[in-house]
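Undergrad: The residues making up each chain are set out below.
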Amino acid sequence: MTRAGLSALLSHWRQRPGQLAALVLGLMLATALWSGVQAINAEARNAYDRAEGVLTQGRFARLARADGGPIPVADYVALRRAGYLVSPVIETDYAGLTLLGLDPLTAPADALPGGIATETTGFADFSAQLYVSPESADQGLPGAQVLPSLPPGTAVADISTVARLTGVFDPTYLLVLPDQPAFLPPIETATDLELRLPDDSTDPGEMTAAFHMNLTAFGLLSFGVGLFIAHAAIGLAVEQRRPVIRTLRALGLPLRRLIALLALELLGIAAIAGILGVLLGYVIAAALLPGVAGTLRGLYGAPIGAELGFDPAWALAALAIALIGAGVAGASALWRVAHMPILAPALPRAWAMDHGRILRRQALAAAALFALAALFAAVPGGLVLAFASLAALLLGAALALPPVLSWLLSRARPLARGAFAEWVLADTRQQVSGLSLALMALLLALAANVGVSTMVGSFRETFVQWLDQRLGAELYLRASNPQELDRLTAILGGRTDAILPVASVDRPLLGQPGSILAQADDPTYRERWPLLDAAPDAFDALHAGTGVFVNEQIALREGLSLGDPVPLAPGLTLPVVAIYADYGNPEGQAVMGLGPFRAAFPDVPPLGLAIRADPDAVPGLIEDLRAAGLPDGAISDQANMRRISLMVFERTFRVTDALSALTLGVAGLAILLSFLTLARMRLPQLAPVWAIGQTRTRLAGTELGRSLALAALTFLLALPVGLALAWLLLNRVNTEAFGWRLPMILFPGDWLRLALLAALAAGLAATLPALRLARMAPARLLQVFVHER
Amino acid sequence: MSVRIALLLLALWPLTAGAQGFANLGTEAEGYALPDPDHVWDFPADHGPHPDFRIEWWYLTASLQGDDGHRYGVQWTLFRLALTPQSPEGWGAEQIWMGHAGLTAEDSHHSAERFARGGIGQAGVTAQPFEAWIDDWRMAGQGTDTGDALDALTLTSRGPDFAYDLDLEATGPLVFHGQNGYSVKSEAGQASNYYSQPFYEVSGTLMLPGGEVAVTGQGWLDREWSSQPLTDSQTGWDWISLQFDDGARLMGYRLRDASGPAYTVGTWIEADGTTQALSPGDLIMTPLTETEVAGRSLPTEWQVDLAGRDLSLRVGAINPQSWQDVGFAYWEGPVTVSGTRQGVGYLEMTGYD
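Each protein sequence line maps, in turn, to chains A and B.
Numbering of the first sequence is given in our numbering, commencing with residue 1 and proceeding in unit increments.
Numbering of the second sequence is given in our numbering, commencing with residue 1 and proceeding in unit increments.
Source of the hints: derived by calculation from the structure; they are not laboratory data.
Heads up, a few of these hints could be off.
To be verified - Have a look at the derived ranges for each label pair, beta carbon to beta carbon: (1) B:Asp67 <-> A:Ala82: 25 to 33 Å; (2) A:Ser332 <-> B:Gly295: 52 to 60 Å; (3) A:Gly69 <-> B:Thr154: 57 to 65 Å; (4) B:Asp353 <-> A:Leu197: 37 to 45 Å; (5) B:Gly295 <-> A:Ala82: 35 to 43 Å; (6) B:Gly295 <-> A:Ser561: 55 to 63 Å; (7) B:Asp67 <-> A:Pro72: 57 to 65 Å; (8) A:Asp170 <-> B:Ser297: 49 to 57 Å; (9) B:Pro280 <-> A:Leu197: 57 to 65 Å.
Stated by the list, open to error - Now the stretches of chain B that chain A is said to cover, found in silico as 3 or more residues with beta-carbon under 8 Å: (10) 109-118; (11) 159-169.
As the list claims (entries may be wrong) - Short, incomplete list of chain B residues facing chain A, as computed with Cβ under 10 Å: (12) Gly92; (13) Gly121; (14) Val125; (15) Ala127; (16) Asp135; (17) Asp136; (18) Arg138; (19) Pro209; (20) Val213.
From the three backbone atoms N, C-alpha and C, an ideal C-beta is built for every residue, glycine too.
Let the hints inform the model, and build the full structure from the sequences given.
TA: Listed below in structure tokens is the structure:
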């Protein structure tokens, strides 16, 4: 009996392979998008962990020379012999990698990359090795051993190996061990080297949290939309198998076993869909990861490789998500079977008719959620609140959709002319309940799309404008020493409009990692520097040494406004006279006039040059500079920098674009499935209308029109939600995550494109059932009356 | 005391050592020089390093009496380990230096450890003028023109919660263990070059979390080098250096062996510095009291008997918790001596797991 029962249940899928495909597809997509996002996040987290394991992230205080030059070995030994626990590090470029030379004999135990302590057999072995990250395994470095804990682009070796390979003998900096011996004066009193305290805020894990929350939110959204599909497909399958189920029960199959069989069937399908979803998720993640890695590198300097590893734990978790999803999607269907009277009429009926009460509840819940969203948005308080506000807004919008649609349709009733039109309106209102899940999915996808495209578009416009302001000079050079600078100036002599010295020094600002730039007094800056807020005569104050400019990041983080004092160097504190936009820079920055900068930092020579020249003359200048031996890396021309910056920018948001497009696609599929489900169940409603004289073609046309109208209404409702979303993203999430605020710019052209897309999706989805209806044999419509309910 | 070889090797090869016990370097010398029974002593050169030997140390212990009425002990050790028989300069120098320092009070024990590579000046030993150092830990001759270079020393060290600064003045000659400083460690013939200065009068200052303490007392310096570690089955050792009130000295150790009885040797030193090498088995060291230390049980009181000298001693730790908590941890601390003779001394115990 059990076998016969299972076989009877399964035969349904043989008859309707399309429905099976829809169910598998829904679960698969839900799993794939969710797990794909998880895979990307896991890869990034892994990369952060690796980065944290190595010194590049500044977990220890360091001693370095103010001018960035190497520290003589004798100075290192002198500090050790004075009793201070410091450890030398040589950091240099080697074969395209950042090569770190460490001294394991003096380094803090946890400064060595994870794995060195356990994967090698001791100092003698370590000192003979060169460790590289897995990403650099095939670079053919002699004697290189792969150490999975190293971040991409990094190699680590004993300091003696590095000295031998590169000829660099003097340490780049010294690590200061956290615990110094007893009874010693503070280390800064014992050396001329500059002490740099460990900077907690460069922890990429924290800084990138916003980005990953963003991805996760998208993943969840897609998962939810995928579940809508699965829910619709399972509901349809149960609805259509009522006669089979009833027959099986009548033949004596116990209810409990029947439920178990249905659950087993669902489990099997979910497992298959889950496996397919994991595979697809991996493919999606692998395709998106290079973009994500580019984004994280560009925005935060977080080192992430572009290759995705395969983690069995991730795959299992994804599979579990698929099963849980199937369980959630199938629970209500199984519940219905369990409570079905054994001799209930074997007729399909439309799902839940009386929705007035539910609609009122939904409206109330939506109102509460909107209030919550507004409250969260109004309270300034971190990223989590910003995202909570976002979530409340989206959920509220989804819940509000059915009551609003229903209300709109009832208000439209007086507009209807004639009985048929009135019937169409009433019938549409009736349909809202059945379509509500699919329409909610569409609304969410559309709103997300509007929100994200508005944010990205606003960002792009602002960014391009800012680039034009910030890249004022046509050519930028960087010399390695003052002599070279003089030589370069001589080469350029007379062929430029202006040569502006540029200097900068890395220096904590208000306790945070940051830098100070020196700016020459020139119209290039006076006319174009992207000031957001400035005191009158700000530039005069800058060059008189009575004021300083700070970037928006540090101003927002530290709550600085014009007039607030900023300590810049021992004994030098200047008031803020302007705040400028500095997109893409995670750190704080201050600008001083060149003269005051030289006075404050006499040891830091200006080694950069910003050159104003006729743009047509720039290629010739570059050629001459190269011929004079200036390496390519020391020359940047404006056009090229602009191009690269924009490229980084586009890559930054490719992931967001891709995910919102995928979500929209999934929502389209959800609509198609809902229409297919409803079309079958709606025959009893359509048959009487046909019987009183409407043609099948007219009915089919009406169906199509109605679908388009619902999609259009949904889009119209999604638009304000999307704009609210964009506002939240720009003014709350971005401010918290990136440290800058952006003006919101509207792009109605994008909306039009999206509206057409929504109409297309709904139209396509409605076409199939409409065509079926138009071609339906009259006998089938008649059967509705034959099978008296 | 060549058992301390194992200590160094274990500290530098923590993992292989864990897996293979003391045998990790084998017993072969592999290109290094070997101790020579006919070595002609050449001072002050022999106070300096012998880089063609694999392993070498400068090992000073002192039993001290504070002006606060309490007893203290101090340890200062510099080990040299050659990774290869060659010794290039710079970062690539294949000589590793390791320092251990300990300060024992009656109710606390403080320890510290340092590592350095040779070739850059962070650690090393020069014979003339005599100086042994790692970081700011320093044992240096006071530059007296007469007598041995080790006759007058200053000694400094510093840990996370302690420091000390001591002056040492020798009141007797150098003494040589085994046959004229050729000290055999096992039946299989492992040996080292081994001499001591056991006659230091010590004075100076200890810096402790509770403040400074002026101290005086007795010190003992060991110098030893070798290229052969222990045999495979030797699992650890118990070493004592005792300074009796009548001026005589006793150095002895018991090498515990997994495959048989312990190998016990030592040197009896008269007050005038004349020595008698003890034959294996003459010295009998019997644990009396065990103490729980760092999760293991250790004998912190001993019965020491010496056949033929009517010597029956009780040797007890001043602080039974004298645990040197370094990379390769061991027990090392000052002791008092009672029985047929009175005195002070130092006890070291390793290999109790």
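Undergrad: Checked against the structure, which of the hints given earlier come out wrong?
TA: Hints 3, 7, 14, 15 and 20 are the ones this structure does not satisfy, whereas the remaining hints hold.
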